[in-house]
Amino acid sequence: MGIETVKLAKSKEQVQEFIKYLLKDIRAMERMLNDEMFETDTIRIGAEQEICLVDKFAKPAPISVELLEALDDKMFTTELARFNLETNLEPLEFSGKCLSEMEANILRQLDKARSAIKVFNGEIVLTGVLPTIRKSDLDKSNITPLPRYHALCEAISSLRGEEYDLRIQGMDELLMRFDTPLLEACNTGFQVHLQVKPGDFVCRYNLSQAIAGPVLASAVNSPILFGKRLWAETRIALFHQSVDTRQVGDHLRDSSPRVTFGNQWLRDSILEIYKEDIARYRVMLSSNITEDVDEILDKGGIPKLMALQVHNGTVYRWNRPCYGVSNGKPHLRIENRVFPSGPTVIDEIANASFWLGLMNGLDDQYPDISKVLDFDDARMNFIAASKLGLDTKFKWVNDKRYSAVDLINEELLPIAKHGLEKASVYKGDISSYLDIIRERTKSAQTGSYWMVKSYNSLTKDVTREQALTAITNAMIKNQRKGEPVHKWGLAKLDDMEMWQPSSLLVEEFMTTDIFTVQKDDIIELVANLFDWRRIRYIPVEDDSKHLVGLISMRMIFREFNNIIHNKGSLSKSVDEVMIKNPITIHPEASILEAIDIMDARSIGCLPVVKNNRLVGVITEQNYMTITARLLRRLHSENEKPVSN
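Number 140 in this note's numbering belongs to position 138 of the sequence shown; there are no gaps in the numbering.
Simulated from the structure, these hints should not be mistaken for laboratory data.
Please read these numbers as outputs of a predicted model, since none were measured by experiment.
Mixed in with the good hints there might be a few duds.
Taking lysine-lysine and the BS3-like style, the derived pairs with C-alpha atoms no more than 25 Å apart in a straight line are [stated by the list, open to error]:
hint, residue 1, residue 2
1, Lys494, Lys230
2, Lys429, Lys444
3, Lys494, Lys521
4, Lys76, Lys114
5, Lys76, Lys306
6, Lys99, Lys429
7, Lys199, Lys26
8, Lys99, Lys494
9, Lys199, Lys395
10, Lys612, Lys230
11, Lys142, Lys612
12, Lys26, Lys395
13, Lys419, Lys395
Using C-beta positions, here's what the derived DEER-type ranges look like [as the list claims (entries may be wrong)]:
hint, residue 1, residue 2, range
14, Gln18, Asp393, 45 to 51 Å
15, Thr514, Asp463, 15 to 21 Å
16, Glu485, Phe562, 23 to 29 Å
C-beta: ideal position from N, C-alpha, C; glycine also.
Full structure from sequences and hints, please.
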């Protein structure tokens with residue numbers, strides 16, 4: 003999607019014209035493979051670093067366009083959302099100190115971004131999913147204002163429909179409805195590229211599929227989305243659903259999502275993948291293509307294969323085949339899209355080292371991985387690792403069963419070391435980066451483990467929103483220090499130093515675990531709910547989750563008082579006593595607006611409603627929790643000694 007000239011394929015004629023170019027590109031690549039035109043004498047590695055932009059309150063900051071202008075660096079580029087940015091790294095030869103050089107290059111780029119974003123009172127964060135991201139941040143206004151991004155979103159919506167449900171089950175469950183593909187922008191990754199000789203492509207690609215699960219298990223860093231603890235690497239499920247253009251049918255017809263692990267081992271060449279993608283996935287985008295690939299090849303030139311690259315950019319394989327041209331020579335690459343961004347740069351390079359070593363060494367032990375590992379097992383290993391991280395049980399070659407820790411430490415790390423040595427990578431780099439994988443695995447502290455453990459500890463004392471803010475601030479501090487995640491201490495309350503309630507939205511603050519009744523229920527049930535759940539307000543809704551009323555503990559006291567004086571009955575229905583048409587508020591309103599409404603109307607509860615459906619409530623208790631935290635913080639600041 004880095005091609006600027008892409009556009010939505012709106013008419014049948016545009017689609018047909020694009021497909022013609024697509025088929026020409028396939029034939030051209032086949033000709034280039036047969037004529038052995040691809041570079042084989044040098045193997046390079048590369049990477050793309052995606053970054054989250056946050057404001058001083060650790061919330062997403064939609065300033066990528068302005069920041070990109072301030073950076074004035076061609077290696078930085080936009081992403082789908084205005085609160086993300088990407089920096090591309092110069093390719094390096096896969097040998098010597100390439101790994102430590104890659105780390106130094108990333109750190110240099112991140113220092114530039116940190117320096118530039120200070121002008122906007124912001125910060126950068128490396129994380130698979132930003133803990134503080136809110137549903138309101140996914141508004142269409144936050145799509146990066148470039149034609150290719152709007153074309154992509156429009157294409158996905160036209161194939162799938164304007165609204166769709168997101169459902170992910172983990173420690174918690176997330177079930178929400180969205181009306182924009184911008185949901186995909188919650189994900190930030192660290193993509194690693196390995197150049198591959200055409201003759202080695204089938205073997206290397208199958209290896210990338212086989213090791214996807216094990217390398218991800220130790221690298222997970224995306225456990226929380228919208229305050230819900232979900233998969234160890236929630237990016238996998240989120241990306242899968244956010245750009246899934248399939249529609250539910252009336253029968254059991256097989257169809258593949260556009261985000262895919264694949265369906266079988268590769269057998270003959272890279273062309274199998276491109277041909278399958280053309281066969282399975284409808285054209286979403288087109289481009290103003292003018293190159294005549296046959297004429298270019300006839301004249302001894304190298305075509306860009308624009309149509310093939312555009313279509314390849316709309317099919318999201320976790321191990322993606324790539325075609326490129328550098329220094330006038332075409333080459334093939336495998337792009338590993340499995341890894342999340344973060345937790346630190348050194349963690350990312352350790353992940354890359356592990357993957358690159360396995361990619362270069364595993365074939366010495368298993369010349370044809372497809373003969374000793376079932377493809378479905380490789381795919382299930384990947385899904386299991388996404389859900390469980392280092393708690394995964396893997397089915398490995400020759401039907402062996404391993405825990406993630408045993409497979410990584412006993413079998414895969416020695417192979418990765420061999421693979422890096424075979425590439426003549428500097429020994430100091432090999433030991434330092436692979437030791438990080440070993441120590442992280444031994445301690446079991448991945449980024450996801452650290453995040454969930456911190457969240458569980460913090461939410462014993464503070465609200466969910468405060469905990470997520472503290473976690474994000476702690477991540478920023480630790481990333482500046484640069485120590486790998488297995489050495490991090492848990493996030494603390496002190497990490498909320500920039501937290502300000504005035505910056506909150508209702509959706510961050512409201513209670514979503516709510517108990518409701520219907521208007522035909524008897525008030526005796528309501529009285530018991532107040533007693534059992536120790537709450538003071540209960541919303542009344544209909545079968546479609548529409549808010550129809552509100553009932554308070556005071557109303558129930560009044561009814562019981564009437565019963566004592568023989569003026570009432572416990573068999574009364576809720577409809578007879580409830581507040582009809584209660585005052586409500588929208589989840590994307592500010593907290594200050596909610597406070598003003600409750601103060602002006604002298605009410606103790608505000609139901610939160612979106613699209614006429616109840617999504618949460620705000621009560622005085624929510625304010626008490628935050629007020630207590632603010633008072634403790636104010637007291638702490640007043641107790642600090644004044645420096646002379």
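Going through the hints against the structure:
For the suggested pair Lys494 and Lys230, the alpha carbons sit about 19 Å apart, so the restraint of at most 25 Å is met. Between Lys429 and Lys444 the CA atoms are separated by roughly 22 Å; this keeps the pair inside 25 Å, and the hint holds. Only pairs whose Cα atoms come within 25 Å are accepted, and Lys494 paired with Lys521 is rejected, the gap being roughly 44 Å. Distance restraint check for Lys76 and Lys114: the Cα-Cα separation of roughly 12 Å lies within the 25 Å cut-off, and the hinted pair is therefore satisfied.
Straight-line distance between C-alpha atoms of Lys76 and Lys306 comes to about 20 Å, which keeps the hinted pair within the 25 Å bound. At most 25 Å may separate the alpha-carbon atoms for a hinted pair to count; Lys99 and Lys429 meet this at roughly 9 Å. With a C-alpha separation of about 23 Å, the suggested pair Lys199 and Lys26 falls inside the 25 Å cut-off, and the hint holds. Between the alpha carbons of Lys99 and Lys494 the distance comes to roughly 37 Å, so the proposed pair goes past 25 Å and is violated.
Between Lys199 and Lys395, the direct Cα distance comes to roughly 33 Å. Violation of the 25 Å bound is thereby established for this hinted pair. At most 25 Å may separate the alpha-carbon atoms for a hinted pair to count; Lys612 and Lys230 meet this at roughly 20 Å. Taking the CA atoms of Lys142 and Lys612, the gap is near 17 Å; set against the 25 Å cutoff, the hint holds. Pair hint Lys26 plus Lys395 does not hold up; C-alpha atoms about 45 Å apart against a cutoff of 25 Å.
For the proposed pair Lys419 and Lys395, the alpha carbon gap of about 23 Å is at most 25 Å, so the pair holds. The given range of 45 to 51 Å is respected by Gln18 and Asp393, whose C-beta atoms sit roughly 50 Å from each other. Evaluation of the 15 to 21 Å hint for Thr514 and Asp463 yields a pass: the beta carbon distance comes to about 19 Å. A beta carbon spacing of about 60 Å between Glu485 and Phe562 contradicts the range 23 to 29 Å that was offered as a hint.
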